[in-house]
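Taken in order, these protein sequences are the chains called R and A.
For the first sequence, the working numbering gives the first residue as -1, with consecutive numbering after it.
For the second sequence, the working numbering gives the first residue as -1, with consecutive numbering after it.
A few of these clues could be false.
Just so you know, same-sequence chains aren't split out, so a pair can sit in one copy or run between any two.
What the hints assert, rightly or not - With a cut-off of at most 27 Å between alpha-carbon atoms, the simulated DSSO-like pairs for lysine-lysine come out as follows:
hint	residue 1	residue 2
1	375	5
2	528	66
3	22	209
4	72	375
5	174	6
6	22	5
7	72	22
8	209	174
9	6	209
10	528	555
11	6	72
12	6	22
13	66	555
14	72	555
15	66	5
16	412	209
I should point out that these hints are in silico values taken from the structure, not numbers from a laboratory.
2 protein chains.
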Amino acid sequence: MRNAFCKKPLWEVNDRLVRVAQGKEPADTVIRHATLVSVTTHELLEDADIAIASGRIAYLGIAGHTAKHCIGEKTVVIDASGLYATPGLIDSHIHIESAMIGPSEYARAVVPHGTTAILADPHEVANVRGLEGVTSMWEDAARTPLKTMLTTPSCVPAVLGVEDTGSSIDAAQVEKTMSWPETYGLGEMMNFPGILNNEPNATNEVRETLKADRRVTGHYSVVESDRGLAAYIAAGISSCHESIGIDDVVAKLRMGMWVQLRYGSAWHNLPVYLPPLLETGIDLRHCLLCSDDNHPNTLVSDGHMDRILREAVRLGCHPITALQMATINCAEYLGIGEDMGSITPGKCADLVLMRDLTNFEAVQVYIDGVLVAQNGKPCFEVEPFAWPDYMTNTMNLGCEISADTFRIPAPANKRADASATCKVRTITVDPGQTITRNTICEAPIVDGSLCADHASDLLKLCVFDRHHGAEGTHAFGFVHGFGIHGALAQTVAHDAHNLLVMGDNDEDMALAARTLVECGGGEVAVADGKVLALVELPICGLMSTLPAEQVAAQVQKVEQAWVQMGNTMPSPFMTMGVMSLACVPELRLTNRGYVNCVTFTMEDLIAE
Amino acid sequence: MRNAFCKKPLWEVNDRLVRVAQGKEPADTVIRHATLVSVTTHELLEDADIAIASGRIAYLGIAGHTAKHCIGEKTVVIDASGLYATPGLIDSHIHIESAMIGPSEYARAVVPHGTTAILADPHEVANVRGLEGVTSMWEDAARTPLKTMLTTPSCVPAVLGVEDTGSSIDAAQVEKTMSWPETYGLGEMMNFPGILNNEPNATNEVRETLKADRRVTGHYSVVESDRGLAAYIAAGISSCHESIGIDDVVAKLRMGMWVQLRYGSAWHNLPVYLPPLLETGIDLRHCLLCSDDNHPNTLVSDGHMDRILREAVRLGCHPITALQMATINCAEYLGIGEDMGSITPGKCADLVLMRDLTNFEAVQVYIDGVLVAQNGKPCFEVEPFAWPDYMTNTMNLGCEISADTFRIPAPANKRADASATCKVRTITVDPGQTITRNTICEAPIVDGSLCADHASDLLKLCVFDRHHGAEGTHAFGFVHGFGIHGALAQTVAHDAHNLLVMGDNDEDMALAARTLVECGGGEVAVADGKVLALVELPICGLMSTLPAEQVAAQVQKVEQAWVQMGNTMPSPFMTMGVMSLACVPELRLTNRGYVNCVTFTMEDLIAE
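With the hints as constraints, model all of the structure from the sequences given.
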């Protein structure tokens, strides 16, 4: 595939590279005395010189040769004595939205950690604003040096017929995006039932991607690595970051898949897969590293691909092998190894000078031969992006919200009985589990309405369609397990990113909801009529306009509020955010009501 | 890059593959109980089943799973117990013409040895008939199952201004070919001086290939692996089969090249490079195997890629590593790993059932799921190709040939002296050496003409332009070192493929030349007025219309004739064939006269 992310394509500058390599013309930059990590040969090449011209590598001085002949009066000479030179790091699967910051802020957050390219799947924004939203994100991304490669979201909406999203993407739209230069493939094809059943839209999305000679990335998370997996791969899906265990990883590699070993903020597969994988001794040429999700705190405190490399080495992986999985393997998977993934002549000068191969601390980062980060700080400034109105004006609810909005009338026959309760279907969450339980609880009835009950940890849940204005609906449910007093609301709620509100009283719920409607979305904690903490995410209700550090600090305040409100589980915000994720068992709530995610049928709230 | 060589592209058949993998529809063929060579993981997978549908692999039954569910009434079931299943073998660089047979006969010769794809450079035919000749060859090739991938010859003619060839190819023509589906790259860029000096045509040929996202294959044979090599690679040339030694191989790999380890009929680099390469322990992911040239005898007696694999294993290479170099590495180099190079779901069912991994004897060969060879014999018949007239009518000399044609008038001042001799510039050949020496010998003068002299092993040499009819020229020279009585002629003579005649008397030379003019080209041995042996090569004067076995037998007869005529050197035909190769030092003869291949100037015959 052609690589669109070069300052200049090779054919425009190769004559100059040829002259520079031979000392007939000076280089722009010469890096001297580095220990070069050769990912093509799996070697360290000591005292290596690298000459860069027109954004590409013109010459390597190795095996005793130097690049002195490439140095002219204006050549910038960098002494990299004591440092390692590695190819720029590539994240092979990431959702920018998971960091709650926009693409240009994302670039500023990850480039100082040595990341020079990411394969991003804007699944979340697409659910809110479709391809128009994707285009807008990539306009922001294009203002930074980070090579932000697009995979077109394949499953928008994620599950059909059970909720209302802001937009959708079908095979015809996928086809359209495949002619965009920034598109490198199709985003994770989560609809494996659709693929296995020859469902036309899913199949055609894959076909349009294959026709364009781009990669179909996968998401196959079934405890089955035989017929279904083979069928899924035979359909043309060539990579996967969702494996169940080591047997699944090995089966995928044997069946020709490129396997992404994930180590994100929430999902830590790397420690599970990597040690037994190394144990097998099999060829890791088709293994890639990826983060999938990165919360702002992780980016700010721990880093990005450098963090994953550290973990891989800590788990016993040879550092060069780990670097191959973060560089050349990814480039070769995407078919752009001619341009990226190694420090060799002709390639884009995307490289990192690192302190060591244990911590992978980036001292300098170059993209297309330009110094883009130094000592943990980006060297590029980006003006705040002028987000179009359709990206920042996404809270389109059909009703004014007051405490009364959250009133759930009790069944007619019980309204008069002051001491009555009512059996209600309830989502029960267990700490640290994504899977919920489909349970029945007793809700008290007050003034003819079903109420939450703090004493028995029964909270009211409400999901508002925030995309369709007056035509939008909302639905109620109950949830057990969060143990809070007050209310929490968020618009990140996967995968429709509707407005999700949870609380033990209607007043706080109303304040929480109104707060997010007013600020354009985000997450908020409210108790006793007061806003305890707020993260404003005005871009599609998913991303902040602030820098990563400030968003991380705000998120931390919300996390503290959760504790203050009585919650003791790990990652409660994320657990809450998947209450509406209609593709994971057992019970979820969308704006249309309860979805039984085992039978994929709707369920009633009243369970008597 | 899109792979044009599939029976059906994946996007046309993936729905069926999905059904077959799950047992919803029967497979076309199921291979059972094979030991599968997994080149993606570098493993042997025992008792593996392979289900094939619509020319592609639908399902792999491994790790205890079987493909029984894919078997229907009409499914062909193959019991491969005791056999290894490997991906089809790919020759990463080959000149079909070297085997003196046409493309379809070539397919019949190599497919039974497990070869399912070749990357062919029709450099020789292009020098005779240009792109029209290439097109004609590929029309013949297309009638066979062998995936005959084209690299457009880059250096036609090989050297400018010193000889007359039948045709030429420039950058504009290269551009044209890059839109052909059968084109996978640019053929070996031998003009490294042109690249290193920014010569426009050479540079533009590379550029047009890069623009089309195809591979520029190389030929960098200088004892220099520093600045020049880096410049050559930075120009965009990504592979090379012409290395000088192990240091050169390692330098190329470190600089990002894909290195072809050659083991052809004439050039045996593999035994030189492979053992020290294995010794280094570096990653061999970018190493490929290739033959470059294959004489008919080699194909018939020893095989093709199987022969190279045998040699690699004999040299200490792990058989799976050797197979990777002959399968997946090549597919990934070409950017068609999504379609070829491994036995995994979705890929073209190009595979070989082998007896063992020592001899690599192919028991059955499948291409696109069709059994194409069995027990050393092809399963496909090909009608003789109706070669167009311009391909078979290529002996277009400007003169009638008689003994008198070969008369070289002595300098005017010496014609009258019956005992005089004349100093003449002479090519001196040493047994087994490609490089010749530029020497001076004494030629006798008889009847006012310079003569050959059997006693002092001084033979007369003549090159006729066979392409330009009345406008064509011919030139004389002398050669020392062949030691024959009689005459030999050939039209293979590299790189212009003109008519090259050598002998110790004008009558035999005339008979040899006339014989080839009459039969359309080839090689012939004549002594004492009799044709001792003849290989007719009527297709461009380069290729026979007969099967490989018959051509091999004919070539053997010519080789016997050489011995009979007094020659004792190895490969005399090949040594003779490069007498006109104007790019190799020191002295060569073309139809324009002597070329000093050190200074690249013309030299006079008379050296006094």
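Right, here's what the structure says about each hint:
{"no.": "1", "hint": "375 / 5", "result": "within (22 Å within a copy, 53 Å between copies)"}
{"no.": "2", "hint": "528 / 66", "result": "neither (66 Å within a copy, 66 Å between copies)"}
{"no.": "3", "hint": "22 / 209", "result": "between (43 Å within a copy, 26 Å between copies)"}
{"no.": "4", "hint": "72 / 375", "result": "within (25 Å within a copy, 66 Å between copies)"}
{"no.": "5", "hint": "174 / 6", "result": "both (25 Å within a copy, 23 Å between copies)"}
{"no.": "6", "hint": "22 / 5", "result": "within (22 Å within a copy, 49 Å between copies)"}
{"no.": "7", "hint": "72 / 22", "result": "within (14 Å within a copy, 68 Å between copies)"}
{"no.": "8", "hint": "209 / 174", "result": "both (12 Å within a copy, 22 Å between copies)"}
{"no.": "9", "hint": "6 / 209", "result": "both (26 Å within a copy, 12 Å between copies)"}
{"no.": "10", "hint": "528 / 555", "result": "within (14 Å within a copy, 102 Å between copies)"}
{"no.": "11", "hint": "6 / 72", "result": "within (21 Å within a copy, 55 Å between copies)"}
{"no.": "12", "hint": "6 / 22", "result": "within (21 Å within a copy, 49 Å between copies)"}
{"no.": "13", "hint": "66 / 555", "result": "neither (53 Å within a copy, 58 Å between copies)"}
{"no.": "14", "hint": "72 / 555", "result": "neither (49 Å within a copy, 67 Å between copies)"}
{"no.": "15", "hint": "66 / 5", "result": "within (25 Å within a copy, 53 Å between copies)"}
{"no.": "16", "hint": "412 / 209", "result": "neither (61 Å within a copy, 75 Å between copies)"}
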